[in-house]
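Asker: Listed below are the residues making up each chain.
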Amino acid sequence: MDKIDVVIVGAGLAGLSCAFVLSGHGLQVIVVERGDFAGSKNVTGGRLYLKPISGMASEMLEGAPFERKVVRERWSLLGSTNSVSIDHTCDRFRNEDHSYTVLRARLDRWLSERLMARGVFVIPKYRVDDLLWENGAVAGIHAGVEDIPAHVVVAADGVLSFMGRKAGLVPPLSPKASAVGMKEVLELPEEKINDRFNVGDGEGVAHLFLGDVTKGVFGGGFLYTNRDTVSLGVVAGIGAMMGRTPAMDASTLLDLFKERYEMRRLLEGAKIVEYSAHVIPEAGYDGIGRLCGNGILLAGDAAGLALNMGVTVRGMEFAIASGIAAAEAIVEAKASGDFSEKGLSRYRERLKETFVLKDLEASRKMPGYLENDSFFSYYPETFPALLEKIMWFDEDPKGPLGKTLWKELRSSGMLSVKRLIELYRIRNI
Amino acid sequence: MKIDEKLALDAFKTDRESHILVDHDICRSKCTARHCLTICPGHLYSFNEQDNEIVVEYAGCLECGTCMIACTEGAIRWSYPKGDFGVQYRYG
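Quick note, the sequences are listed as chains A and B, same order.
Quick note: the first sequence, position 5, residue 7 per the numbering used here, numbers continuous.
Quick note: the second sequence, position 57, residue 104 per the numbering used here, numbers continuous.
Bound-form chain A, shown alone (with noise of 0.2 Å):
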């Protein structure tokens, strides 16, 4: 059977991506995808940074059903009984095409109806069991009772990336770099959304939550408002999860989450429409796999390319990136007829030039300086509760303000040297 140029597993933000523009340079591709349309099986928080690849996908974008701009972005420390936040705006989130919220099985079909108008085949229902091997070098896939032989495989196949533990790519997955997060969909009326969230028509907000969220482990609570719904959730470090003693249910903590005060009114009246959950990859730089084999390249979540840096995440860039990385890597390894690791391997230095790895290699300490447990249980009981004594009134006589902060500063232990040594690491993260 002739060989078709390439075959794509999985018809995510990498996969569709990359599809596009290797249609583009006139190659022959198949992107097969086991939901019953693109994007019924993905989920994301989500928000996609639209800055990172404006020069690279812009025109791939144009018209995107994108949910809402995100021109807030907040914080909050959640203690068990008292929480602080902050709140972020300014001209350029609202001014220029910063970031925008997303639901996976809007964008990535609209995507894949664009490819398809475009020629390209995008198959759905579509689970590939194997892949397909000569003489040492992946050459096609095996779904079912079916082969599609190809000269390049890009496995976009996600997280749990089957294709790529096939190729020996990358490693199993362990629970310590892996975090599952778990979300709601909540239908609410769009003027209810501007109005409690204090935004415009067309507006959003990005807030990210630390701490009793996740009942002191590893993770934390996301709220991204879309056009007519919220995406509200929460994520635990699952090597975390399964240390925590007493053990506790994953799927508890989102309706505990639900029912803090400071949701309450903020969902009030929201009908669930859905339920999901995903696995995070939060190794970082030093998880991402080895990218490309013979006849096969990986990009997207399958590489392992997703980056919590604390104040946000970020993924879906590096998806949108890498595929399109992939693309034009395979491009020039059709134009040389090497489609060996050798001939593939210059989609490791498109990356290496790009935001995806500069990005992902400067952050690479933040995994490890997460793991530790003060970020989820130290500060967010101690914030909360300092300004919770300063806030107090009562009959008791208060003290002079500077004095009680100190006084509590060095109480809490804000002072001792653990926590300075904490503040100093920052500088190599």
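Worth flagging that the hints you see were computed from the coordinates, not collected in a lab.
Warning: the hint list may mix true and false statements.
Derived DMTMM-like pairs (lysine to aspartate or glutamate); straight-line CA-CA distance at most 25 Å [claimed, not checked]: (1) B:K129 / A:D149; (2) A:K260 / B:D51; (3) B:K129 / A:D38; (4) A:K178 / B:E120.
Since the structure of chain A is already known, use the hints to place chain B on it.
Answerer: Only chain B this time, still in chain A's reference frame:
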């Protein structure tokens, strides 16, 4: 809202065969922690005292793969459901 009511909001197409296979011998001989009972976002795992085995309600699987990662004893054999089956997200 109870977890099974939440799962009932999702669109599932259920295969007759389970895509999650549990090796009960490994569970009985090696596992004491039973992380699968608490880590699954769909709370689909339970322990049947009578048969002394783990039971998984695969029909409500959200296909995240968390159980497979958390089962460090390797008792959970997990694959994606066949094409045309499993959860179909409408929002994602």
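Asker: State for each hint whether it applies.
Answerer: For each hint, the structure was consulted:
1. B:K129 / A:D149: Status holds; Cα separation ~16 Å.
2. A:K260 / B:D51: 17 Å, holds
3. B:K129 / A:D38: 11 Å, holds
4. A:K178 / B:E120: 15 Å, holds
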